[in-house]
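Residue numbers (my numbering), protein chains in the order written: chain H, 1 to 428; chain X, 429 to 734.
Keep in mind the hints are simulated off the structure, nothing from the lab. Check each hint, because a few of them may be wrong.
What the simulated footprint calls covered on chain X by chain H, stretch by stretch (three residues with Cβ under 8 Å from a Cβ of chain H suffice, anywhere in the stretch; the number is not a length) [unchecked claim]:
hint: 1; segment: 513-521
hint: 2; segment: 542-550
hint: 3; segment: 675-685
DEER-style ranges, computed between Cβ atoms [said to hold, decoys possible]:
hint: 4; chain 1: X; residue 1: G579; chain 2: H; residue 2: L357; range: 22 to 30 Å
hint: 5; chain 1: X; residue 1: Y459; chain 2: H; residue 2: I284; range: 33 to 41 Å
hint: 6; chain 1: X; residue 1: M673; chain 2: H; residue 2: I284; range: 22 to 30 Å
hint: 7; chain 1: H; residue 1: D216; chain 2: X; residue 2: Y459; range: 53 to 61 Å
hint: 8; chain 1: X; residue 1: I469; chain 2: H; residue 2: G67; range: 28 to 36 Å
hint: 9; chain 1: X; residue 1: P458; chain 2: H; residue 2: I284; range: 48 to 56 Å
hint: 10; chain 1: H; residue 1: S199; chain 2: X; residue 2: T552; range: 35 to 43 Å
hint: 11; chain 1: X; residue 1: T489; chain 2: H; residue 2: Q407; range: 48 to 56 Å
Residues of chain H placed beyond 10 Å of chain X at every Cβ, according to the derived structure [to be verified]:
hint: 12; residue: A76
hint: 13; residue: D115
hint: 14; residue: Q118
hint: 15; residue: V125
hint: 16; residue: G134
hint: 17; residue: R188
hint: 18; residue: D217
hint: 19; residue: V252
hint: 20; residue: A253
Note that the Cβ used here is the ideal one computed from N, Cα and C, for glycine as well.
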Amino acid sequence: MFHRFIQGLFLISVLMIIAACQSKQEDNTISFSIFGDPAELAAYEDLVAAFSEAHPEITVQLQHIPGQSDYRQRLAADFSSGEPPDVILLNYRRFATFAEQGGLEPLGSYLANSDLIQESDFFQVAIDSFYMDGSLWCIPQNISSLVVYYNKDMFDAANVPYPTNDWTHEDFLAAARALTRDVDGDGRIDEYGASIDPSIFRLAPIIWQFGGQLVDDLDHPTRLMLDTPQATAAFQWFVDLQVKEHVVPDAVAESAEEGESRFLNGRLAMYFNSRRGVPTYRTITNFDWDVAPLPRGQQAASILHSDGYCMAQSTQNKEAAWTFIEFANSTAGQTIVAQSGRTVPSLIAVASSPAFLNPDLPPANSQIYIDTVPTLGRVPTMHTWVGIEETAGNEIERAFYGQATVQEAIESALTLTESFFDQVNTQN
Amino acid sequence: MLKEQLTRFSTRKLSVRMPYSAQIRFFLLPYLFGTLILVIIPAVATALIAFTDYKAVGLPTFVGLANFRQLMGSALVRLSLRNSVIYLLLAVPLRLLGALTLALLLQHRRRFFGLYRAAVYIPTVIPEAAYALLWLWIFNPVYGPLNLFLGWLGLPAPAWLTEPTTARLAIVILSLFQIGEGFVVLLAGLQNIPRSFYESAKVDGANSWQSFWQITLPLLSPWLMLLTFRDLIMSLQNTFTPSFMITYGGPYYATTFAPLLIYELAFDYFELGLAAALLILTYVLLGLIVMGIINIVGLGGSADEA
């Protein structure tokens, strides 16, 4: 593996040389790079096909890499070779690394000059999440929020009422308790009430529901705010789902079968996820399912999931690249991708159209993605955020599975993430 | 013999008269070219990048020893190096012992010995990623065959990958089945020991235990030394695939070995300078371990003395 790593480095240097020697072809071909499962790929293939019809003079080459981490690795190699894709789909938690180093082209002026779309067509929070240092870096395609996917058949079987649009933490816990069962009586729980990833991205909305904050200042963050009474209480509530209530799989059960797989197999009642899972969940045939908003605490809150179309700074054909980004985020483009179920469209007009709200396809309650938009919070935009998420995530996971107390996890999360914040603040 | 054949071959077929040493160099060229491109140039590049701040996008800037200072101050780096050393201390002796035991058991021709030898070697040729996924299934705490078997025997079933100690142990255990190369080398070593030594020892009244300690082990020691060094280097690198695919460094950094941390630094955080520096640090540490072993036990030259 070391050799592979070294070979990779070498490959990068060779590509650099090749890139330096090669004079670029001046044609109208642009490359477009995406991540996602096969159902998502199909949606983007449709998008590219529609674009080719509308703009036959531009050829789009679609590059698909399934896994998010492989995707980042590939982009790292592409960027260091000086040959990144022209148009790149990036999550708002991850684009900052590329923008920070001058890898991306700011898109604010392009959007301002567009006849097809303008900033006010989009949900504000989605646009905001792609601003950094006063510039707009990418055009958001979606505004998916964290919701609860629930198995209606399991609720029926246990005589538990379905979640309502204003259900509370208490309602959630009562349902989860009733739906966690040892069906065959062998002392091992076979059906769990809920599953939620022990990560900062899942914990954050619960902190907001308790009236706390994730970071001290969203625009100029200097630390995580896990040690406030509100955040600590939220963290404790989150951890108690496992260590005290046992309504979510413990470490051994999660290691035996992941929560999402349990949900797909009809043995888990409530699964926390963004809109991303919908194309896959639409293949479920053995039970009915729907979505509910996150249960409210002192207040309702959820968290933004958004991917944006970004343009590489080095691209030779900025005009063609923008034409494609503009088309993908016009009403026509977003309608195509929304029909696959993958996105909650970031264009307000498309989000309220049948392309997204189609009552014939699950989830029936799609309207809640739109209704919860005013309660959406987001994580800060900073190039070291990936490190903060990973480091704090390890602490959250440790507490979640009962290997550390909430206090211990908070203390070491704060200490271990300090350097990531310092890196950002010493640069500015 | 070989020399003559080569000379004859080249004069007859190529009708070019080339001195033997030139022929050797000529035939080595493709290999040397590969080594240059795949090993030497990247190694030099890594050594240079280690002294820069390089974030994949943009250009590297020289920062002197700053990367090494940062690494020395990082608790995570110390932890990963400690994890790697613990792994080496457990895995390398056990792997050698396993290879040696199996080589001793299967050195003589008997029924099905070809089948047994193949069975020992086969796990070594399974692609690393597939091998890791296979063990992920074997170690599944509820549905995995290992725990089903332990439960059937009435033994306690550990949680394997979710507890720090057993997760580390699991990575060691899975490495113990990929010992085919050491096994083959030791088989060759055993064939190399003249039968007459054992026969005369027998005449002198030595039992098989004494023969092993007095004849087999000393005569195998150069092979064992070779395998120790080779295994140290290989094992250090080989933690990457299982720790990446099975545990991703967890639970709570228990299986965060140096190679995985290097990968994370490079491709999660895009800190290629730091990653290169840690790579060099790891190799220096490995060099120190190898030198320490040489200092303590020497290079094991007893084959010549015999």
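* Asked: Failing hints, ascending?
  -> Failing hints, ascending: 1, 2, 4, 5, 11, 12, 17, 19, 20.
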